[in-house]
Amino acid sequence: MTSPLHELDVRRLLCPMPVIKTQNKVRTLATGDTLKVVCTDPGALSDIPAWCRINGHEVLEMGEQGNEVFVVLRVGEDNGALF
Amino acid sequence: MTEASQPIKRRAIALVSGGLDSMLAVKVMQEQGIEVEGVNFYTGFCVEGHTHAIRKKDKDKEKRNNALWVAEQLGIKMHIIDISEEYKDVVLNPKHGYGANLNPCLDCKIFMVNQATLMINKARELAGDRGFDFIVTGEVIGQRPKSQRKETMPIISQESGADDRLLRPLCAQNLPPTLPEREGWVNRDELHDFSGRNRKPQMALAAKFGLDDFAQPAGGCCFLTDESYSNKLADLWKARNERRYELDDIMLLKVGRHLRPQPHYKLIISREEGENRFLEGYRYQFTSLTTVSCPGPLALVDGEFGSEAELEQAAAIVARYSKGRVEETVTLEVRSPDGVAREITVAPAQPDAVLASWNVG
Ligand code: SF4
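In order, the protein sequence lines correspond to chains A and B. Numbers given in this note's numbering equal positions in the first sequence, counted from 1, plus 101. Numbers given in this note's numbering equal positions in the second sequence, counted from 1, plus 2.
Chain A on its own, in the form it takes in the complex (with noise of 0.2 Å):
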């Protein structure tokens, strides 16, 4: 996979925080582009997967590293962004 074209630092954000600020990334990215959220609350791992199941986009990575987790994404066709 090449490498995500965009990256947010949500280390030490407690949930739902990483969802919040993984939200407020998208709204102002375009559709297909990628972003690699990293973590330090492992509940992220299941709160972002389904914060983009309901919102129309893609997970293509997730895992952990270290003390850290991650998640790939991909932005779907609406990226959310109404107001």
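Please note that the accuracy of each hint is not assured.
[To be verified] Each computed DSBU-like pair below joins lysine-lysine, with the alpha-carbon atoms no more than 35 Å apart:
1) B:K124 / B:K152
2) A:K126 / B:K79
3) B:K240 / A:K122
4) B:K124 / B:K79
5) B:K97 / B:K124
6) B:K79 / B:K11
7) B:K79 / A:K137
8) B:K79 / A:K122
9) B:K11 / B:K29
10) B:K90 / B:K152
11) A:K126 / B:K90
12) A:K126 / B:K11
13) B:K124 / B:K29
14) B:K210 / B:K152
15) B:K202 / B:K79
16) B:K97 / A:K122
17) A:K122 / B:K11
18) B:K90 / B:K124
19) A:K122 / B:K90
20) B:K97 / B:K202
21) B:K79 / B:K29
22) A:K137 / A:K126
23) B:K29 / A:K122
24) B:K152 / B:K11
25) B:K325 / B:K240
26) B:K90 / A:K137
27) B:K202 / B:K152
28) B:K124 / A:K122
29) A:K126 / B:K29
30) B:K124 / A:K126
31) A:K137 / B:K124
32) B:K210 / B:K29
33) B:K90 / B:K29
FYI, nobody ran anything at the bench for these hints, they're computed from the structure.
Chain B with the ligand: place on chain A using the hints.
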């Protein structure tokens, strides 16, 4: 209800807490052909979230974010909004006062409905017909002693600025018709007349919709309805001589054993591995104590020690909660936020030396 003849598909934004009532309210709207999107507000006091961070790795059942789970079940989009900064004023200065604990429920509802109103106003400006026509909540008259009474319903509508654009599908028949009812976007006869604390009608409706496995928070949607939590918050304000808080403060009140041996410092002592890992992340902000001669908890010191004797007292207390409590001495590491550490050896405190009155919460 969803004939193709309907000219415009009406859209609503629903306040979704993650509990059953807001879930049912959305479902009732969907049954009437309304297109719904959800909004969930993060205040910092939410019961959500913290459970993730402190859960024991691999041990606890996978925790879920209920608002996201509800959205997935209902097939709606969900906007999660961080209002933690603006929300401070609601907690610190509630115009309508507090409930049984430090829960400012009425002001909180007004605030959240107001936020939703601002959202629909903005969306209308930007998106015209793709905006939202009204707001939906899962409120039920008489459900909560303070915020969900018949008299408070119009207060929320008016003070939030939503006015008759606020529809409560679960108790609408007990209230004057709102804009979506008067305009015929929704059929009032198919809305509900729930009231009181009896949950049977909700359970029946959930069964009818085939919903199960939903979250049923006992007290309310946030930690402010919890007595022990409210006591800790009140203690924090008292110790600081000032009513204010940062997000980190209110996170830490959710975790660990809180003991205040002296007015000017408090110990936050982890009770299990998950809390340990959670508190670990705060060691660069607080002086911390950990046992080194035996397994034991991690303790953060909120405040300053007035003397070496106070540090020794704190170390003895922490040792009391370690595996070395029966030993003659326990060695601990005292680390300051900048990482500078030294060791200290103390005799663990005897059980009766840890006073019950030190317990905060
Ligand atoms: S329980 Fe908490 S979140 Fe729910 S209305 Fe009351 S103050 Fe607001």
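**Item:** Pairwise hint evaluation, A:K137 against B:K79, where the allowed Cα distance is 35 Å at most
**Value:** OK: B:K79 and A:K137 at ~22 Å, within 35 Å.
**Message:** Check whether the Cα positions of B:K11 and B:K29 lie no farther apart than 35 Å.
**Reply:** holds, 16 Å
**Prompt:** B:K202 and B:K79: Cα distance at most 35 Å?
**Reply:** Holds - the C-alpha atoms of B:K79 and B:K202 are around 28 Å apart, at most 35 Å.
**Message:** For B:K124 and B:K29, compute the direct alpha-carbon distance and say whether it is at most 35 Å.
**Reply:** holds, 25 Å
**Message:** Next pair to validate is B:K90 with B:K124; report whether the Cα-Cα distance is within 35 Å.
**Reply:** holds, 23 Å
**Prompt:** Within 35 Å, alpha carbon to alpha carbon, are A:K126 and B:K79?
**Reply:** Holds. A:K126 to B:K79 sits at ~17 Å (cutoff 35 Å).
**Prompt:** Does the structure keep A:K126 and B:K29 at a Cα separation of 35 Å or less?
**Reply:** holds, 30 Å
**Message:** Hint check: B:K210 vs B:K152, CA-CA at most 35 Å. Holds or violated?
**Reply:** Between B:K210 and B:K152 the Cα gap is close to 27 Å, so the pair holds against 35 Å.
**B:K79 paired with B:K29 [C-alpha distance capped at 35 Å]** = holds, 14 Å
**Request:** Could you grab the alpha-carbon distance between B:K90 and B:K29 and see if it respects the 35 Å cut-off?
**Result:** OK: B:K90 and B:K29 at ~32 Å, within 35 Å.
**Request:** With a cut-off of 35 Å on the C-alpha distance, tell me whether B:K79 and B:K11 pass.
**Result:** Holds. B:K79 to B:K11 sits at ~16 Å (cutoff 35 Å).
**Prompt:** For the pair supplied as a hint, B:K325 and B:K240, is the alpha-carbon distance within the 35 Å limit?
**Reply:** Since the Cα atoms of B:K325 and B:K240 sit roughly 33 Å apart, the hinted pair holds (cutoff 35 Å).
Checked against the numbered hints above, the structure violates none of them.
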